[in-house]
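Student: All chains should be modelled from the sequences, with the hints used to inform the complete structure.
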Amino acid sequence: MYTYEEQCIMDLSDNYTVLYSFLGRSLIDAFGVAGEKALREGTRRYGRDRGENSRRNHEALNVKINMKSLFSVGGDLPPDPRFRRELQELNPEERVSHTLVCPMADIWKAYGEAHIGRIYCEEFHPACYSHYAFGYGHVNLGMTLTQEKDEYCDFNVVLRAENLPKDLRPKCFAEYDPGYIAPDVHPTPASGKTGFESISVKLYYYILEAALELLGESGWDAMAGAMKEMAVDGARRARKTAARYARPFNEQIVFDTYPLTLDQDKTQLWTGYTANKAVERFEETFVTAMRGELEKA
Amino acid sequence: MYNYGDIKLQNKQDAFSAMYMYVSGSILDLCGRRTGEGICREAMRRAGRESGCAQREKFLAANIKTNLQTLFYCARDYVPDPRFRGVEIFNEEERQIYEVHTCPMADFWNKYHCGKLGSFFCEEYHYARLLAFTNNVGQFCSSNTLTCPRDNFCHLSAFYREANLTEEEAKKSFAHCDPGYQPPEPPADVSFGDGIGHLTISVYYYLLEVAEETCGTEGISAVAEGLKQWSAQAISALQLQADHTLLPMDAEFVNKNFALSTDSSSDSLWTGRTGHKARELMQSLVLDSIIQAER
Numbered sequence: 000m001y002t003y004e005e006q007c008i009m010d011l012s013d014n015y016t017v018l019y020s021f022l023g024r025s026l027i028d029a030f031g032v033a034g035e036k037a038l039r040e041g042t043r044r045y046g047r048d049r050g051e052n053s054r055r056n057h058e059a060l061n062v063k064i065n066m067k068s069l070f071s072v073g074g075d076l077p078p079d080p081r082f083r084r085e086l087q088e089l090n091p092e093e094r095v096s097h098t099l100v101c102p103m104a105d106i107w108k109a110y111g112e113a114h115i116g117r118i119y120c121e122e123f124h125p126a127c128y129s130h131y132a133f134g135y136g137h138v139n140l141g142m143t144l145t146q147e148k149d150e151y152c153d154f155n156v157v158l159r160a161e162n163l164p165k166d167l168r169p170k171c172f173a174e175y176d177p178g179y180i181a182p183d184v185h186p187t188p189a190s191g192k193t194g195f196e197s198i199s200v201k202l203y204y205y206i207l208e209a210a211l212e213l214l215g216e217s218g219w220d221a222m223a224g225a226m227k228e229m230a231v232d233g234a235r236r237a238r239k240t241a242a243r244y245a246r247p248f249n250e251q252i253v254f255d256t257y258p259l260t261l262d263q264d265k266t267q268l269w270t271g272y273t274a275n276k277a278v279e280r281f282e283e284t285f286v287t288a289m290r291g292e293l294e295k296a
Numbered sequence: 000m001y002n003y004g005d006i007k008l009q010n011k012q013d014a015f016s017a018m019y020m021y022v023s024g025s026i027l028d029l030c031g032r033r034t035g036e037g038i039c040r041e042a043m044r045r046a047g048r049e050s051g052c053a054q055r056e057k058f059l060a061a062n063i064k065t066n067l068q069t070l071f072y073c074a075r076d077y078v079p080d081p082r083f084r085g086v087e088i089f090n091e092e093e094r095q096i097y098e099v100h101t102c103p104m105a106d107f108w109n110k111y112h113c114g115k116l117g118s119f120f121c122e123e124y125h126y127a128r129l130l131a132f133t134n135n136v137g138q139f140c141s142s143n144t145l146t147c148p149r150d151n152f153c154h155l156s157a158f159y160r161e162a163n164l165t166e167e168e169a170k171k172s173f174a175h176c177d178p179g180y181q182p183p184e185p186p187a188d189v190s191f192g193d194g195i196g197h198l199t200i201s202v203y204y205y206l207l208e209v210a211e212e213t214c215g216t217e218g219i220s221a222v223a224e225g226l227k228q229w230s231a232q233a234i235s236a237l238q239l240q241a242d243h244t245l246l247p248m249d250a251e252f253v254n255k256n257f258a259l260s261t262d263s264s265s266d267s268l269w270t271g272r273t274g275h276k277a278r279e280l281m282q283s284l285v286l287d288s289i290i291q292a293e294r
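Quick mapping for you: the protein sequence lines, in order, are chains A and B.
Following numbering that gives the first Met the number 0, the numbering of the first sequence begins with 0 at its first residue and continues without gaps.
Following numbering that gives the first Met the number 0, the numbering of the second sequence begins with 0 at its first residue and continues without gaps.
Rather than coming from a laboratory, the hints here were simulated on the basis of the structure.
Nothing false has been slipped in among the hints.
With a straight-line cut-off of 27 angstroms between C-alpha atoms, the simulated DSS-like cross-links for lysine-lysine are:
{"#": "1", "chain 1": "B", "residue 1": "K227", "chain 2": "B", "residue 2": "K7"}
{"#": "2", "chain 1": "A", "residue 1": "K67", "chain 2": "A", "residue 2": "K170"}
{"#": "3", "chain 1": "A", "residue 1": "K265", "chain 2": "A", "residue 2": "K239"}
{"#": "4", "chain 1": "A", "residue 1": "K67", "chain 2": "B", "residue 2": "K115"}
{"#": "5", "chain 1": "A", "residue 1": "K227", "chain 2": "A", "residue 2": "K192"}
{"#": "6", "chain 1": "B", "residue 1": "K115", "chain 2": "A", "residue 2": "K165"}
{"#": "7", "chain 1": "B", "residue 1": "K115", "chain 2": "B", "residue 2": "K227"}
{"#": "8", "chain 1": "A", "residue 1": "K170", "chain 2": "B", "residue 2": "K115"}
{"#": "9", "chain 1": "B", "residue 1": "K57", "chain 2": "B", "residue 2": "K170"}
Tutor: Laid out in structure tokens, this is it:
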């Protein structure tokens, strides 16, 4: 059995995962290809934001911007104990890894949303990893657990030194930077709540932004229903964890298991992501529905 | 067992693989490993882009939809040699996924311990080709390649999603986005000989162009040294191939078994390749030597 802390990380991860499929489903059901376009565009923007954030953190640590750093220096999320990976290669130019068990794929499949999960895999990873590497990284991700017939995810992510402009090579590879001494870095381990809250805020924010840009206010009308469904689904997961660990179903367990915080005084993570009335829309829909679930308790 | 018709195609294919290996190897030897790798990668991107753009323009002119199914199966500019063995996993307009279990190019390069050189072609050419064909909207993933010592098959995937296109592009790419569209009778694939000849000239031309741009005369010299090595290997290979088929290595045999016509001045595949004295260099360093070796 998992500890309560491990269970919370898994719940945070699952709630983040289905946030994507709830929002994606609402847009695709309401707008078809146009909804999928907004979802894909929002996913790419989200990926670029996370890539930029990782790069900024790594530059601050004075580590080289390459594939080894990207996949080994201070990630923005704690490890989910359910992931199983077989790392085949990790060097500054290449990271080759097979994901044998992916809890994100598993939950999308359980919700019948593997197709939407595949959209995430197809758009997020190239946008994030390539943007991290100044647009010169190449993500080979032809096989994913979200795609029919595939039995593992085949990540082959490369950044070739000789494909970079000369001025970027010293930033990315130690052998092009004479005198560089690699720092002994010990980044603070990522916190489950903060990590998942941060990425959930961004994911919601960019999908909302793309939906409003491409579909207008009716894009939000479609998403609003999904926000309420997400709250009900998140409450169901929190109730289950509460029962399993003999805890009351209350605002604390929702805080522990749901990435987005109900009480805005308890989080700073919306800073920079408040345009398009993102917070107000979140409060009107998700928070109201979640508080309704809490009142039932 | 392959018949004589198959073997001729294989010999042409191997001539391409040898040209690439000797010329790119010489570039790395003489221009330096780092600079040489950069030259080869950029050259493969240019060659790939040229092919992708040409296919796109050809399809648009012929009123053929520009999706992945047409790219992979319609009016192809290169026809694989009979030794290719693979499995198709998805064959759709938006998605093409297949595995290659035997690849004569990888076999050739690996035999000479030059898989790394081959990997520049695998990584850059196909990706650039797909990007050009799809106006930078598609994705190409080579997750596994036979030129990589870790792998024992190639896993190649291409994605081109309607949802990532403008309405105008979607209309050009998918019949269901163009009500009333009547597909034309598609042009035939290029012949094997023309396909491999074009690929050989294109890849060589861009290796020379980028080597010259990057290293000037030293770059041209590196390509020339590679051509001399290829010439010696090509003559030896043609003689062996002729012996194995009990035929004289004469002009007819060379024409049927070598990737290029020995008379480049009358070969239409060189049309438009006027820069860098590319044709003249190939004629004097490779093709004339082959003519002299003919019996």
